[in-house]
Amino acid sequence: MKISITRLIIYIILAIFIIFYIIPMYIMVVTGMKSFAEVSLDTMWNLPFSLNFNSFNVAWVGNMKQGFRGLSGSFLNSVLLVIPATIISALFGSLNGYVLTKWRFYGSDLIFTMILFGMFIPYQSIIIPLVLTLQKLQVYGTIPGLILVHIIYGIPISTLIFRNYYITVPTEMVEASKIDGANFLSIYRWVIFPLSMPGFAVAMIWQFTSIWNDFLFGLIVTPNPASQPITVALNNLAGSYIVQWNVQIAGALITALPPILVYLFLGKFFLRGLLQGSLKG
Amino acid sequence: MQIKGDKWTPILFITPSIVAVGIFIYGFIGWTGFISFTKWNDVLPDYTLVEFENYRKLFANMRFQIDLNNTLVFTVIFVISCLVIGLLLAILIDQRIKGEGIFRNLFLLPMAVSFIVSGVIWRWLFNPGSIQMGNIGVNQLFEKVGLNFLICGWYTDPDIGIKAVAIAAIWQFSGYTMALYLAGLRGIPLELREAASIDGADQFQIFYHIILPFLRPITFGAIIILGHISLKIFDLIVAMTGSGPAFSCDVPAFFMYDTTFRGNHFAQGASIAIVLLLLVSLLIIPYLVSTFRKEA
Chain A
0 MKISITRLII YIILAIFIIF YIIPMYIMVV TGMKSFAEVS LDTMWNLPFS LNFNSFNVAW
60 VGNMKQGFRG LSGSFLNSVL LVIPATIISA LFGSLNGYVL TKWRFYGSDL IFTMILFGMF
120 IPYQSIIIPL VLTLQKLQVY GTIPGLILVH IIYGIPISTL IFRNYYITVP TEMVEASKID
180 GANFLSIYRW VIFPLSMPGF AVAMIWQFTS IWNDFLFGLI VTPNPASQPI TVALNNLAGS
240 YIVQWNVQIA GALITALPPI LVYLFLGKFF LRGLLQGSLK G
Chain B
0 MQIKGDKWTP ILFITPSIVA VGIFIYGFIG WTGFISFTKW NDVLPDYTLV EFENYRKLFA
60 NMRFQIDLNN TLVFTVIFVI SCLVIGLLLA ILIDQRIKGE GIFRNLFLLP MAVSFIVSGV
120 IWRWLFNPGS IQMGNIGVNQ LFEKVGLNFL ICGWYTDPDI GIKAVAIAAI WQFSGYTMAL
180 YLAGLRGIPL ELREAASIDG ADQFQIFYHI ILPFLRPITF GAIIILGHIS LKIFDLIVAM
240 TGSGPAFSCD VPAFFMYDTT FRGNHFAQGA SIAIVLLLLV SLLIIPYLVS TFRKEA
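Going down the list, the protein sequences come from chains A and B. Position 45 of the first sequence, counting from 1, maps to 44 under numbering that gives the first Met the number 0, and the rest follow consecutively. Position 242 of the second sequence, counting from 1, maps to 241 under numbering that gives the first Met the number 0, and the rest follow consecutively.
Simulated from the structure, these hints should not be mistaken for laboratory data. Built from N, CA and C at the ideal position, the CB exists for glycine as well. Hints should not be assumed to be uniformly reliable.
[Claimed, not checked] Derived pair list, reagent style DSS-like, types lysine-lysine, alpha-carbon separation capped at 30 Å:
(1) B:K38 with B:K56
(2) A:K267 with B:K6
(3) A:K135 with B:K6
(4) B:K56 with A:K177
[As the list claims (entries may be wrong)] Far from chain A, by Cβ distances over 10 Å, these chain B residues were calculated:
(5) V20
(6) V42
(7) M110
(8) I135
(9) K231
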């Protein structure tokens, strides 16, 4: 009997936390599904009478009469941005990780630590020169410019993820190929790369999530609405007094959806990235 | 352990990354540092050197003093709450409960979402309403379940301000510490606990003398990660509150953005960025050095 009381307490505490965690998600889903007639701040906790997706529709296409943009354009911008940036930064991370674990040279540990430091800096400390440089390169305000930024500032984390992954690949395998006369690139192509899929999964999911969720770079590198990523567009939508709150909340759900889907379907890799981002392998 | 020969090809392949990091991180930090010593406090650049003038002005600025204080309050509340809630949830989930996966996934889900998304939602949840509207959001929920004493002005009350933002941040990150601790608990050898209980240790003694010391490196790592996130906090402030009444929600990262990109005071903004970088470095550099010295 004593055991079941302990169990009961455990479940009660967990239930209290569930409420805390679920409240924002509940409001997001419930509000998004109410009709404009039904939606009201007084009854924000009530369930909707019937399903209605108008809020999502308005958040997506905007409202020309009231003069605000929907999120559809910037959703597409984010897709166009996140795909190349994710793939390219994972490739860089893979090559760097391969060099830093299997071809270590004098000073390579110091270089790794110095690369890693870039992961922690507040980007405010590089953003003014970044803007000046992107203007010089004539990519300021463009999606390719933002892609470049995400690739470069993604190097530290993707290098860390692959380094931690390749450390678990036995060096003897590489040594054996070396004796067989294989060189740097052919070992990468035929030995390391085929083993790298779990590393790519972790790195790409991590990069996808953090690039999709990035706000600061998007805000400052792409000030023009036509090339803004979705987080910046959502912030504009939510900061506007003419946009109804249910539209703002629906917009938040649209913005959250891609990373949530990734999390739901590939949660295992997401978790692994999370643990690796903080602890060494 | 490295492979002999073919010495230059690997270096060639890692060079682009080294150059990129060298320029875009270290070079740019130096550049920002340089700007912070100039007179560039208008739209057009002015690179006349003024020594520490911008820093002197910064530390004399009341808004910046409030910001530093807010950062301290936010960091303490955020880091400690995430550690305590994370550990508690991990211990509970570790008790072989039913539906473990569901609990774990739910607690971790907020981590996947952008600060802008959570800021927008928490802004509405913590909206205190008005006399005409009555209570809305969380206050209305408290009213309904009879917890009226909890009703307050949240981020509109200068005495609460940044603490309301901290609650949203805790919502987002406590699942992360839960995951770290849970991984740590699962790594404790079962024999260790069994041996202790055979020796007559009770649950509390096992927790205090075996589990806690085992989790110490995780706690240390988590403090570093959460600490640097909280020093840099920006997105959540933008989406949820902005500076707040009497700068009660303001933080250095937001002040930097405001000063530089809205006020065009580039040199002043650069000085805030450098102070912020130094604060983060104080936390991160000892951690990086100790971690990789041990490994080498």
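Hint check:
Distance check on the hinted pair: B:K38 and B:K56 sit about 12 Å apart at the alpha-carbon level, within 30 Å; holds. A threshold of 30 Å between alpha carbons decides the hint, and for A:K267 with B:K6 the separation of about 37 Å lies outside it, so the pair is violated. Straight-line distance between C-alpha atoms of A:K135 and B:K6 comes to about 36 Å, which puts the hinted pair past the 30 Å bound. Distance hint between B:K56 and A:K177 is unfulfilled; the C-alpha atoms sit about 61 Å from each other, more than 30 Å.
With a minimum CB-CB distance of about 5 Å to chain A, B:V20 fails to clear the 10 Å threshold, and the non-interface call is violated. Its beta-carbon lying about 13 Å from the closest one in chain A, B:V42 satisfies the requirement of being farther than 10 Å from that chain. A beta-carbon of chain A is positioned within 10 Å of the beta-carbon of B:M110; the least distance is around 7 Å. For B:I135, the shortest C-beta to C-beta distance to chain A comes to about 4 Å, within the 10 Å cut-off, and the non-interface label is violated.
Residue placement check: B:K231 does not keep its beta carbon more than 10 Å from all beta carbons of chain A (closest about 5 Å).
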